[in-house]
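The sequence shown begins at 64 in my numbering and counts up by one.
You may find that some hints are simply not true.
[Unchecked claim] For lysine to aspartate or glutamate, the following EDC-like pairs were computed, each having C-alpha atoms within a straight-line distance of at most 16 Å: (1) Lys172 to Glu91; (2) Lys172 to Glu95; (3) Lys172 to Glu93; (4) Lys172 to Asp98; (5) Lys172 to Glu103.
Derived from the structure by calculation, the hints contain no laboratory data. These numbers come from a predicted model, not from an experiment.
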Amino acid sequence: MPDDQSPGAPRNDDARPDDEELDDGRRETEPERADRNFAELLQELRVIQTGVQILFAFLLTLAFTARFPSLDSFQRGTYVTTLLLAVAAAALFTAPAAVHRGLFRRGAKEEIVQVSSRLAGIGLAVLALALASAMLLVVDVVHGTPEGIAAAAVTLLICAALWAVLPWAMARSLNGRGEGSPASGRGPSAPRR
């Protein structure tokens, strides 16, 4: 925004007619918003993917340790389940890149963003299960099954609190303050990203 234009002033003549001001004061077209949203999503996935890769590598090496043959059938089942959950999480977190590649230059960026966001959400749920399962396995081997189950439950609670409840509570708080509500003059009631 030019220095001589106040936040409430009408748009200047060089603004595009299809621009829309977002809650944060940005002026961008729907395609620009979709591009930005996809770039932000990919950055989030890069951060998550590193953790999934570390978990997966750790799990792969376990089968080749000297102690692995001494695991009981429950622990081996937990190991295989954890490994499969880690693979599923990795697949879900890399799927947005494949979807984008498959639909490249077809004018489907908004659809790509929507599908990719759903894949990331499902991936987070699967990752939470993989982390809980990994905790179950490790704590079961070190302390016993009851302690492993407790550790897995705590892990799931932590993931649910940080990955679902916290964003939900923040969104409620923002909506409660009038952020993004039509009456506030700050945009639609469902804030756009």
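Status of each hint after checking the structure:
1. Taking the CA atoms of lysine 172 and glutamate 91, the gap is about 15 Å. The hint holds against a cut of 16 Å.
2. A threshold of 16 Å between alpha carbons decides the hint, and for lysine 172 with glutamate 95 the separation of about 10 Å falls inside it, so the pair holds.
3. Note on lysine 172 and glutamate 93: the hinted pairing holds, with a Cα-Cα distance of about 10 Å set against a maximum of 16 Å.
4. Under the criterion of a C-alpha separation no larger than 16 Å, the hint pairing lysine 172 with aspartate 98 is consistent with the structure, at around 7 Å.
5. Proposed proximity of lysine 172 and glutamate 103 is supported: the alpha carbons are some 13 Å apart, at most 16 Å.
Going through the hint list in order, the structure satisfies each hint without exception.
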